[in-house]
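Trainee: Quick note, the sequences are listed as chains A and B, same order. If you use my numbering, the first sequence corresponds to residues 1 to 788, in order. If you use my numbering, the second sequence corresponds to residues 1 to 234, in order.
Treat the hints as calculated values from the structure; they're not laboratory data. Please note that a few of the clues may not be correct.
A few chain B residues that face chain A, going by a derived Cβ cut-off under 8 Å, partial list only [as the list claims (entries may be wrong)]: (1) 57; (2) 58; (3) 59; (4) 99; (5) 112.
Counterexamples of contact, computed for chain B against chain A with all Cβ distances above 10 Å [unchecked claim]: (6) 42; (7) 44; (8) 78; (9) 84; (10) 101; (11) 105; (12) 125; (13) 130; (14) 184.
These numbers were taken from a predicted model, which means no experiment stands behind them. Backbone N, C-alpha and C define an ideal beta-carbon position, used for all residues, glycine too.
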Amino acid sequence: MRALDTKVLRDLVHMKGQVIAVGLVIASGVAVLVMALSTLEALRETTDAYYERYRLADVFAGVKRAPEPLSDRIREIEGVQTVQTRIVKFATLDVLHFPEPVMGQFVSLPESGPPLLNQLALRAGRHVEPGQHDEVVVNEPFAEAHGLTPGDSLVAVLNGKRRLLRVTGIALSPEFIYSLGPGALMPDDERFGVIWMNRKALAAAFDLKDAFNNISLQLTRGTRPEGVITQLDRLLEQYGGIGAVARANQMSNWFVMNEIDQLATISRILPSIFLLVSAFLTNMVLTRLIDTERAQIGLMKAFGYTSFEVGFHYTKLVLGMAVVGIVVGLFVGGWFGRLNTQMYAEVFRFPLLLYRPSPSAFAIASALSLLAALAGAMSSVRRATRLPPAQAMQPPAPPTFRRGRLAHSRFGRWLDQPTRIVLRNIARWPGRAALTTTGIAASVALLVLALQWNDSLNYLAQSYFFQAQRQHVMIGLADTRSATVMHDIEQLPGVLAAEPMRIVSADLSRGAVTHRGALTGVADGAQLQPIYDDARGVEIPTPPEGLVLGITLAEKLGVGVGDRIWVNVLEGRRPNVQLPVVEVVETYIAMPAYIHIDALNRLLKERPSVEYANLRIDRLEESRLYAELKKLPVVSAVMLRQAAIDAFYDNVVEHLMVFITMFSSLACILGFGVAYNSVRIALSERGRELATLRVLGFTRGETSYILLGEVALLIVAALPLGCLLGRLLSQLIAAAFNTELFRVPLTIDPSTYGIAVLIALAATTLSAALVRRRVDRLNMIEVLKTRE
Amino acid sequence: MTVTLSASGLTKVYQTGDVVVHALRGAELELREGELVVMLGPSGSGKSTLLNILGGLDVPTAGTVWFRNRQLTASDEASLTEYRRRHVGFVFQFYNLIPSLTARENVALVTEISSNPMDAAEALALVGLAERLDHFPAQLSGGEQQRVAIARAIAKRPEILLCDEPTGALDSETGILVLAAIDQVNRELGTTTAVITHNTVIGAMADRVMHMADGLIARVDENPDRQPPDELSW
Numbered sequence: 001m002r003a004l005d006t007k008v009l010r011d012l013v014h015m016k017g018q019v020i021a022v023g024l025v026i027a028s029g030v031a032v033l034v035m036a037l038s039t040l041e042a043l044r045e046t047t048d049a050y051y052e053r054y055r056l057a058d059v060f061a062g063v064k065r066a067p068e069p070l071s072d073r074i075r076e077i078e079g080v081q082t083v084q085t086r087i088v089k090f091a092t093l094d095v096l097h098f099p100e101p102v103m104g105q106f107v108s109l110p111e112s113g114p115p116l117l118n119q120l121a122l123r124a125g126r127h128v129e130p131g132q133h134d135e136v137v138v139n140e141p142f143a144e145a146h147g148l149t150p151g152d153s154l155v156a157v158l159n160g161k162r163r164l165l166r167v168t169g170i171a172l173s174p175e176f177i178y179s180l181g182p183g184a185l186m187p188d189d190e191r192f193g194v195i196w197m198n199r200k201a202l203a204a205a206f207d208l209k210d211a212f213n214n215i216s217l218q219l220t221r222g223t224r225p226e227g228v229i230t231q232l233d234r235l236l237e238q239y240g241g242i243g244a245v246a247r248a249n250q251m252s253n254w255f256v257m258n259e260i261d262q263l264a265t266i267s268r269i270l271p272s273i274f275l276l277v278s279a280f281l282t283n284m285v286l287t288r289l290i291d292t293e294r295a296q297i298g299l300m301k302a303f304g305y306t307s308f309e310v311g312f313h314y315t316k317l318v319l320g321m322a323v324v325g326i327v328v329g330l331f332v333g334g335w336f337g338r339l340n341t342q343m344y345a346e347v348f349r350f351p352l353l354l355y356r357p358s359p360s361a362f363a364i365a366s367a368l369s370l371l372a373a374l375a376g377a378m379s380s381v382r383r384a385t386r387l388p389p390a391q392a393m394q395p396p397a398p399p400t401f402r403r404g405r406l407a408h409s410r411f412g413r414w415l416d417q418p419t420r421i422v423l424r425n426i427a428r429w430p431g432r433a434a435l436t437t438t439g440i441a442a443s444v445a446l447l448v449l450a451l452q453w454n455d456s457l458n459y460l461a462q463s464y465f466f467q468a469q470r471q472h473v474m475i476g477l478a479d480t481r482s483a484t485v486m487h488d489i490e491q492l493p494g495v496l497a498a499e500p501m502r503i504v505s506a507d508l509s510r511g512a513v514t515h516r517g518a519l520t521g522v523a524d525g526a527q528l529q530p531i532y533d534d535a536r537g538v539e540i541p542t543p544p545e546g547l548v549l550g551i552t553l554a555e556k557l558g559v560g561v562g563d564r565i566w567v568n569v570l571e572g573r574r575p576n577v578q579l580p581v582v583e584v585v586e587t588y589i590a591m592p593a594y595i596h597i598d599a600l601n602r603l604l605k606e607r608p609s610v611e612y613a614n615l616r617i618d619r620l621e622e623s624r625l626y627a628e629l630k631k632l633p634v635v636s637a638v639m640l641r642q643a644a645i646d647a648f649y650d651n652v653v654e655h656l657m658v659f660i661t662m663f664s665s666l667a668c669i670l671g672f673g674v675a676y677n678s679v680r681i682a683l684s685e686r687g688r689e690l691a692t693l694r695v696l697g698f699t700r701g702e703t704s705y706i707l708l709g710e711v712a713l714l715i716v717a718a719l720p721l722g723c724l725l726g727r728l729l730s731q732l733i734a735a736a737f738n739t740e741l742f743r744v745p746l747t748i749d750p751s752t753y754g755i756a757v758l759i760a761l762a763a764t765t766l767s768a769a770l771v772r773r774r775v776d777r778l779n780m781i782e783v784l785k786t787r788e
Numbered sequence: 001m002t003v004t005l006s007a008s009g010l011t012k013v014y015q016t017g018d019v020v021v022h023a024l025r026g027a028e029l030e031l032r033e034g035e036l037v038v039m040l041g042p043s044g045s046g047k048s049t050l051l052n053i054l055g056g057l058d059v060p061t062a063g064t065v066w067f068r069n070r071q072l073t074a075s076d077e078a079s080l081t082e083y084r085r086r087h088v089g090f091v092f093q094f095y096n097l098i099p100s101l102t103a104r105e106n107v108a109l110v111t112e113i114s115s116n117p118m119d120a121a122e123a124l125a126l127v128g129l130a131e132r133l134d135h136f137p138a139q140l141s142g143g144e145q146q147r148v149a150i151a152r153a154i155a156k157r158p159e160i161l162l163c164d165e166p167t168g169a170l171d172s173e174t175g176i177l178v179l180a181a182i183d184q185v186n187r188e189l190g191t192t193t194a195v196i197t198h199n200t201v202i203g204a205m206a207d208r209v210m211h212m213a214d215g216l217i218a219r220v221d222e223n224p225d226r227q228p229p230d231e232l233s234w
């Protein structure tokens with residue numbers, strides 16, 4: 001090995017503490033990047049493969065009742081390759097040993113052979129036999145939640161009739177990766193299941209012989225769904241079509257894609273922070289090293305090494321540090337990526353999982369980290385190459401200090417000399433102090449970012465589940481009913497109050513922008529689920545006329561109070577009218593458009609009707625009410641608020657803990673790395689000064705004060721800065737995470753800042769303690785013997 | 001005459017790897033109150049090791065050191081620190097000033113932790129730097145820096161002033177200025193002073209000259225008439 005290369009290796013070993021600290025920061029950045037990129041890749045590949053293999057449709061549409069022959073006309077639409085008509089209905093289920101009503105989404109299977117589209121991945125048992133009207137296949141998460149296995153049975157209330165059904169198989173479907181019950185925000189596998197049954201059996205139960213109420217299309221390659229949807233909507237209109245959606249807007253796929261997008265956001269923002277910090281750290285370490293090696297640089301040049309060779313020598317040192325970090329980061333990132341993908345696979349219930357990260361994720365992460373480290377090192381390497389040999393062999397001129405304004409002030413006179421040393425060092429190298437402060441602030445910011453999620457989601461849940469929704473139970477009726485049904489509902493056992501609600505599908509548009517959503521009809525003086533402004537925390541009285549829009553919807557349509565929008569109702573007589581926006585409310589979840597229920601009924605030219613009822617109940621009568629609801633034919637859906645809250649916390653908190661733990665560890669590494677390097681470098685630069693103080697009779701504690709006081713002061717400055725940065729970063733990420741369904745309200749509890757600050761202090765204190773041990777071992781004699 | 005510092009049977013053995021170095025081999029000496037001693041010897045004779053042990057910076061492998069009636073060789077790390085802090089002033093070959101502090105502040109660094117110090121400005125005036133109080137080390141010449149170091153060493157009114165090659169990094173003219181400052185402090189404050197040098201000329205300003213060789217004090221010469229430093233030349 002060449003002598004210079006031997007020197008690189010020895011230097012790396014000699015500076016092992018700093019190499020480890022820089023390496024850890026680089027490794028963190030690489031690990032996050034590899035994790036995010038490889039998980040992204042795996043999720044995309046897996047969903048693509050899943051959709052492909054099980055033939056997920058490209059367009060989905062619901063309709064009230066359409067005759068089967070219509071499918072031939074639909075097949076003739078240009079770009080349509082395959083058509084699959086189905087019957088899809090909601091019904092309540094009665095599962096053994098489970099007191100609460102359970103919702104089932106029944107989906108028909110062709111009488112013979114597998115469905116052309118949206119095929120099932122059978123996990124256990126067998127498919128239903130042709131002609132068997134009591135056989136069903138249930139989706140796996142639901143089966144697991146209730147311990148159902150092939151051979152078990154369950155009771156369903158199909159169109160008012162109780163039917164005993166036998167489970168023959170357990171399956172997964174690409175259509176229900178994310179399976180949500182009506183009105184639910186989060187999957188709740190105990191209370192919502194998908195059930196596949198023979199077409200004839202469902203047709204008989206719901207009186208849909210030779211008819212369908214749901215259709216899926218596969219398009220020819222390269223066909224855009226928009227044109228097909230327009231034609232499909234036109235064909236279905238007279239049969240009660242409620243608007244087709246493309247795969248991108250199909251609920252399950254929308255959620256999956258949304259998760260993937262959020263992951264992509266993380267993969268952009270977080271690694272950037274680590275790469276910047278690692279650039280700064282390599283700069284700091286190398287600048288210091290080159291200062292101490294001036295004489296050696298001079299010597300190398302005197303011996304005839306070229307500037308390039310000298311520069312390359314120090315570049316190799318940086319490469320050495322970076323490579324240590326990158327190798328660790330690649331392994332950890334690959335491992336995290338697998339864990340993360342498995343976690344997603346569990347949430348999404350993929351029947352197959354493709355985790356085979358391509359070299360590109362690893363290559364991108366390695367290349368970016370190398371570049372960042374090299375960029376950080378560039379200025380100091382250039383300085384080394386520019387040193388003329390004669391000058392390099394001279395000791396560097398002592399740094400010049402100036403007395404600041406502080407020294408002359410009254411406060412300045414009161415300062416003791418050690419404190420002056422601390423302050424002047426900061427003032428002498430403001431750039432370095434700023435970088436240290438920024439680095440530690442970045443670590444605090446990451447901690448705030450990680451911890452605030454808990455606050456924000458808690459706030460979201462509080463606002464949505466407790467302030468905006470006060471009903472205990474919401475029931476959905478099998479069909480639109482006359483408002484008089486409310487009297488019957490009020491008579492049910494345990495019902496303290498009942499309020500009607502109506503939701504109809506509608507296209508809302510202004511200019512070229514159309515939103516396919518719904519109108520929610522709210523009663524006068526609604527108390528159980530009023531129109532609610534989440535940000536202001538106030539109820540909005542239901543206006544007699546006009547629309548109240550959620551802000552996300554108002555922004556999407558680009559409208560405000562006083563504007564008029566087109567409302568094209570997709571149900572009933574399908575009125576198409578212009579309505580004024582009378583109020584815009586801040587909402588965190590969904591994109592509601594509220595209207596007075598009477599106005600809605602007038603719009604539809606219907607007598608007072610309801611589709612949903614919100615109930616407030618007596619907890620003591622709960623089980624009697626549930627038993628009653630399971631029997632009622634008019635009830636097709638029962639949603640319990642408590643179950644929704646539990647599902648929200650189960651789903652979110654589990655994810656969140658992993659996220660918080662991972663981010664907090666990374667933030668600690670960052671804080672540790674920055675603080676350790678700052679203190680370590682200060683020690684090697686000022687070892688002589690500190691040893692002198694020891695000789696002069698300063699105790700170890702007093703000596704450490706000068707060294708650690710400086711970084712302590714920088715940390716103190718970094719804490720509030722970090723909290724501020726954390727807030728900005730959280731805002732940035734929250735904005736990036738906003739979707740049409742969720743807008744995360746940024747909320748940071750004061751205690752969150754406190755915890756972030758404490759964790760950051762612990763990490764930096766640890767690094768200071770490690771260096772402090774070196775102060776204790778300072779060799780007083782050695783350092784006085786020679787000029788540095 | 002009272003003895004301020006005494007040492008007997010001082011041995012110091014360094015072992016680095018397989019190499020064993022006997023820096024001191026049973027050195028004996030006394031420093032009497034108020035005297036100025038010059039220790040002469042070639043490099044490697046053990047001068048610095050001896051000074052470090054006398055100053056409480058290092059501990060001998062064997063032998064005892066007494067400061068008045070206190071046995072330093074039985075002290076722990078903390079009480080050696082206290083000994084240096086209260087009783088010893090050091091002057092080094094390379095000054096070892098704190099670059100971020102002015103001359104006055106460098107002196108104040110020590111007076112702040114002493115019980116009965118003189119004013120920093122007064123100490124600097126004593127070494128002829130009354131006009132350079134607010135200059136930083138980078139703004140001072142080598143000789144001036146060394147005189148700041150002497151002011152720093154004597155400002156706490158130490159009983160002992162230990163100087164390790166104080167003129168080693170200076171030209172002769174500047175060196176003499178520095179020696180004059182040491183001589184003045186010794187005469188005016190009565191501080192027991194030991195100066196290490198390999199420059200035999202400097203011996204002329206001492207009360208006694210100790211010649212070191214091979215880790216021992218080979219010979220001690222009494223010098224009844226001390227020469228003032230400004231009469232020295234080399």
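Trainee: It remains to establish, for every hint, whether it holds in the given structure.
Mentor: Hints versus structure:
1. 57: Holds. Min distance 5 Å.
2. 58: holds (6 Å)
3. 59: violated (11 Å)
4. 99: holds (5 Å)
5. 112: With Cβ-Cβ at 6 Å, under 8 Å, it holds.
6. 42: The claim holds: residue 42(B) sits with its nearest Cβ about 16 Å from chain A, beyond 10 Å.
7. 44: holds (13 Å)
8. 78: Label violated. Min Cβ-Cβ 7 Å, cutoff 10 Å.
9. 84: violated (4 Å)
10. 101: violated (6 Å)
11. 105: About 5 Å separates residue 105(B) from the closest Cβ of chain A, which leaves it inside 10 Å; violated.
12. 125: holds (19 Å)
13. 130: Check passes; 18 Å lies beyond 10 Å.
14. 184: holds (21 Å)
Hint violations for this structure: numbers 3, 8, 9, 10 and 11, all remaining hints satisfied.
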